[in-house]
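Peer 1: Take a look at the letters that make up each chain.
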Amino acid sequence: MRNSFKRVYLLISVLMVVMLAACGEDDTNTSNASEKSEGPVSAKIGVISYMTGPGAAYGEAITNGFNLALDEINEKGDVKIELIIEDSAGKQDQALTVAQKLMSSDDIVALLGPTLSTEMNVVGPEADINGIPIMGTSTTAAGIPQIGEYVFRNSIPESLAIPAALEKAVNKYGAKKVAILYGNDDLFTQSGYDTMKAEAENMGLEIVTIETFQKGQSDYNAQLTKIKDLQPDLILASALYNEGAVIMDQARKMGIDLPFVGGNGFNSPQVIEIAGEASEGLIVATPWFGEKDDPKVQEFVKKYESAYGHKPDQFAAQAYDALYIMAEGLKNAGEADRDALRDALAEIKDLDGILGKFSFDEDGDVIMEPTVLIIKDGAFQQFE
Amino acid sequence: MLLEQIINGITLGSIYAIVALGFTLVFGVLGIINMAHGEIFMIGAFIGVLITSVFGLPLWIAFLAAIGVTVILGYMLERIALRPLRGKQGVSHLAPLISTIGVSILLENLSHHIFGAGNHPFRHSFAQIQFQVGSITIYLVQILIFVISITLMVVLSYWLSKTKAGKALRATAENLETASLLGVNTKRTITTTVILASALGGIAGILVGMAFNSVNPQMGLSMGLKGLAIIILGGMGNVKGAMAGGLLLGLAETMIVAYGDSGYRDAIAFITIIFILLLRPQGIFGKNTAEAGR
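Note that the protein sequences, when read in sequence, are chains A and B. Taking our numbering, the leading residue of the first sequence gets 1, the next gets one more, and so forth. Taking our numbering, the leading residue of the second sequence gets 1, the next gets one more, and so forth.
Treat the hints as calculated values from the structure; they're not laboratory data. Each hint should be verified, as a subset may be incorrect.
As the list claims (entries may be wrong) - Reference excerpt, derived from the structure (chain A facing chain B, CB under 8 Å, subset only): (1) Thr212; (2) Asn221; (3) Asn242; (4) Gln270.
Given the structure is predicted, the values throughout are model-derived calculations rather than measurements. The beta carbon of each residue, even a glycine, is placed where N, CA and C say it ideally should be.
Bound-form chain A, shown alone (with noise of 0.2 Å):
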């Protein structure tokens, strides 16, 4: 019993002398951050990433893309990252408590993350009251830069890339009618919707119906033999893939032919794989197409694969360009400091990333033209 108790204090007083230690260095490191020494911009930059639970798939997808880039910007030499990467488990408490954790922090000069839209929800105000800049490179919902002066982002929202798919779906096809089909039990898809309804307004086509369905649903043979009849010209669908993909197949097994029109959510290759031939004609705008061809695009793509053995996602491209924002920013500001970084993020323009030329506009939202795809011989292509 008392050995065990001598135990206890020896792991405790080894404890207490490792963090006085680590509180030396850190008191070490700030001073030199804040000295503006001569040289490169060192400074830690915090991650909050959904690393575990149902969507770890995203949260890993994304830490990839930024040790990718922190590598080569590191190797480069202009600018010195740190990360230090937590987790938020998708929770809105957690990523809130992680975000504090990582705010109180001195030496941490930016955020970037959390993954989901409603983690931002809760993490980007308080970013924004403790004068830290903040980025999300996953969140797409409507308002999240609206949150505040700190607060960015680089992935394009479903109110950017829906109409550009759109606009050059018209414009090939002629359309003038469109039918709508969406979850109307989802935020998401509901938000999609929302977009897509506008836009075909704004473009003068005539909404010959307005189609809904639930989660889950496995038969869409009423709503489409309804849209069927109604004889439409495109066929506008806010669906997760799981959903559209089955949509899609139910559709041409009844001789629908048209091309579909859909959101981010619609944008992955399990379409192709849950569908087969039918998922021909789907139509989704990105900020990402991995078979571009831009020797930028292909070199990461190479890298990506040697280094986690698959091709990487649209959300590891979105983290590893953000990175680059970051790093962009630290070097213009030319110091380790929250509000320099804030100012030198919101100036930038037409940075070349392997999305896209980037800018943000006067909110710190995405200033981009993202590549239009369609379906067709059983792969993603260009759509022109």
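Position chain B relative to chain A; hints supplied.
Peer 2: Just chain B, lined up with the frame of chain A:
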């Protein structure tokens, strides 16, 4: 348009009916609502996908395999989740309901783990066979589903009313102790019933896979709730009621989408059920008292 929608509705209704038949059997005999039925149905669908799409074996093997697996699941459900609770002192009459909910959660998460969260396509050439009548496309699968559901209903009715095993089952449903005293092997009868109901679920699962080409771990829940609503509508424990209720709900849902607003699909379908129950609390085919209906 109308004809196509009627075909859609009958297909959907027939599947609802087969699911509801499984519910009604277990409820009729044991007086238990088997919440795991929807998940057993889902497992049946997955076995169908596995056999036809992954192993590329013919359809009849898929049917046999799905029935085989769901029979085993039904037996285990009875042995592990239901029998230990039966006839024990101090066990609440809600306990079997809760334990079947437990089984349903277990099965859903298990298939989530094994097969992943996404939709799985049911690729089989049989599902592609179609006829063109005017502008209407009819799939052989749609006809098959209707025929299977009618056949199952007729066979089940005959079996229940005319055969010895069916009589034993009804006697058990009437009064467990009396039936046991009169020489009915009630243990075996109950096990048979649960197994039979599960096999019906497995068949329905494959049919859904073929008809809608979408199989996922969550499909059991919504199907299960619909099945439950149907047996209340048709009359608890009544075979004809399950059939009629299933077709009615399927047609109602389709027609609401066709001539109304698809957003109100479930709402109007269930409001209809509430109204019918206000007029006939015992359900369409139900007997006057709850006891007699069992």
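Peer 1: All hints, please: hold or fail.
Peer 2: So, going through the hints one by one against the coordinates:
no. : hint   : in the structure
1   : Thr212 : 4 Å, holds
2   : Asn221 : 4 Å, holds
3   : Asn242 : 5 Å, holds
4   : Gln270 : 6 Å, holds
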